[in-house]
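Colleague: The task is simple: from the sequences and hints, build the whole structure.
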Amino acid sequence: MELVDPEFTGLFTPSDEGEYRVLAFSPAVRPTQGRPATPAMTLNQYQSFEAGRVLLGGLLEMEEAYDVTMGNYLELEETVLRLSALELAQRRRDDHFDTARRSCHRALANLLSASRAFQDHSQRLASSIGGSENDSDLNAIKTGFSRAYDGALGYRFMSALRNHAQHYGVSVSGVAHMRAATGSSPESERHHVTVTPYLLLSELRMNGKFKTSVLDETDAMAREGSNGETIIPIIPMAREYIAGLSSVMAAIRRLYADRETAALNMLYSAFYHYSGWFTKGAPVGMHVASASAKDGPATYFGADAHFKTLKLRDVNVELDLLTGTDIRQ
Numbered sequence: 002m003e004l005v006d007p008e009f010t011g012l013f014t015p016s017d018e019g020e021y022r023v024l025a026f027s028p029a030v031r032p033t034q035g036r037p038a039t040p041a042m043t044l045n046q047y048q049s050f051e052a053g054r055v056l057l058g059g060l061l062e063m064e065e066a067y068d069v070t071m072g073n074y075l076e077l078e079e080t081v082l083r084l085s086a087l088e089l090a091q092r093r094r095d096d097h098f099d100t101a102r103r104s105c106h107r108a109l110a111n112l113l114s115a116s117r118a119f120q121d122h123s124q125r126l127a128s129s130i131g132g133s134e135n136d137s138d139l140n141a142i143k144t145g146f147s148r149a150y151d152g153a154l155g156y157r158f159m160s161a162l163r164n165h166a167q168h169y170g171v172s173v174s175g176v177a178h179m180r181a182a183t184g185s186s187p188e189s190e191r192h193h194v195t196v197t198p199y200l201l202l203s204e205l206r207m208n209g210k211f212k213t214s215v216l217d218e219t220d221a222m223a224r225e226g227s228n229g230e231t232i233i234p235i236i237p238m239a240r241e242y243i244a245g246l247s248s249v250m251a252a253i254r255r256l257y258a259d260r261e262t263a264a265l266n267m268l269y270s271a272f273y274h275y276s277g278w279f280t281k282g283a284p285v286g287m288h289v290a291s292a293s294a295k296d297g298p299a300t301y302f303g304a305d306a307h308f309k310t311l312k313l314r315d316v317n318v319e320l321d322l323l324t325g326t327d328i329r330q
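Per my numbering: the sequence shown = residues 2 to 330.
FYI, nobody ran anything at the bench for these hints, they're computed from the structure. Heads up, a few of these hints could be off.
[As the list claims (entries may be wrong)] Once the Cα atoms are required to be at most 27 Å apart in a straight line, the calculated DSSO-like pairs of lysine-lysine come out as:
1. LYS212 / LYS143
2. LYS143 / LYS210
3. LYS143 / LYS295
[As the list claims (entries may be wrong)] Label-pair restraints from in silico Cβ distances:
4. ILE328 / ASP151: 21 to 29 Å
5. ASP315 / GLU78: 28 to 36 Å
6. GLU20 / GLU78: 50 to 58 Å
7. GLY229 / ARG255: 46 to 54 Å
8. ASP121 / LEU44: 32 to 40 Å
9. GLY72 / THR183: 29 to 37 Å
10. ASN164 / PRO298: 40 to 48 Å
11. LEU313 / GLU20: 33 to 41 Å
12. SER129 / PRO298: 15 to 23 Å
13. ASP121 / GLU79: 39 to 47 Å
Source: prediction; values computed, not measured. Idealized CB from N, CA, C, for every residue including glycine.
Modeller: Have a look at this one:
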């Protein structure tokens, strides 16, 4: 399909001479009469495409790091749901409680590790993919994390727990199982199963480096366990934490949206001017090499990373309703 949209066609002007050559296109296109087989690209154009390549690739890396965090969060939720189903349908084995605790511990530890990697990785990328705007991008992302931290106790608690886990390890203290019946008569009676992985507040206080202000806040909303101890249910905290990370990811997407669009438009415009063809809504790319080094390596400038990014965004939407949503059957 030929491109006629001036939004794209006016962005790029081919040059008859340049320090680089376009060796091939992806997808491959038939040679068009009047167009050179290996068109030229100037140094400035090459540098512009290189900046776009770094930006689009970095945004994909951020989405992948966030996707790993989301995957580990879902594993934690799925672990609790699986334990609920076992409580519903099977008699507990002798080692059930210890096995349940270890399963929740593993899922929680993975979530804390992945979320730390996402926070570190996104800030490292912000300092390298935006060119002249690196410093302001990094400050904006740091502000986003700070805003999420200030906005929810669950986020503050999980952040402190993550730091605690790095030095002391993190162990789910236990998993509470409860059956309850509702209804005014045997005919209307319904049984409910509740599975609650928790941490003991007393165990966290044993770590003198655990942020005291966060523990004091947590103490105010903690509840009494079956043996009279003060427990902190993990799932509500984890949901507030993930909701906060989701808001940070949404802000990151908005931060780079205009530059992401500009990089893509420039790429599509160049592809059209060089090849005479354009496929809307599909990845395109060019293999470019130095004109002075015939056997030198080629660099690929393409939209492939962007389409992978879009797939992750379609799945990992902003979770602004997560903390106000419960699971029912």
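Colleague: Hints first: check each against the structure and report whether it holds.
Modeller: Hints and how they fare:
1. LYS212 / LYS143: holds, 20 Å
2. LYS143 / LYS210: holds, 23 Å
3. LYS143 / LYS295: Outside the cut-off at roughly 45 Å; violated.
4. ILE328 / ASP151: 21 to 29 Å: holds, 28 Å
5. ASP315 / GLU78: 28 to 36 Å: Cβ of ASP315 to Cβ of GLU78: about 20 Å, so the range 28 to 36 Å is violated.
6. GLU20 / GLU78: 50 to 58 Å: Taking Cβ atoms as reference, GLU20 and GLU78 lie about 53 Å apart, which means the hint holds.
7. GLY229 / ARG255: 46 to 54 Å: holds, 48 Å
8. ASP121 / LEU44: 32 to 40 Å: holds, 34 Å
9. GLY72 / THR183: 29 to 37 Å: Holds, at about 35 Å.
10. ASN164 / PRO298: 40 to 48 Å: With Cβ atoms ~43 Å apart, the hint holds.
11. LEU313 / GLU20: 33 to 41 Å: This hint holds: roughly 35 Å between Cβ atoms.
12. SER129 / PRO298: 15 to 23 Å: At 21 Å between Cβs, range holds.
13. ASP121 / GLU79: 39 to 47 Å: violated, 26 Å
Hint compliance for this structure: hints 3, 5, 13 are not met, and every other hint is.
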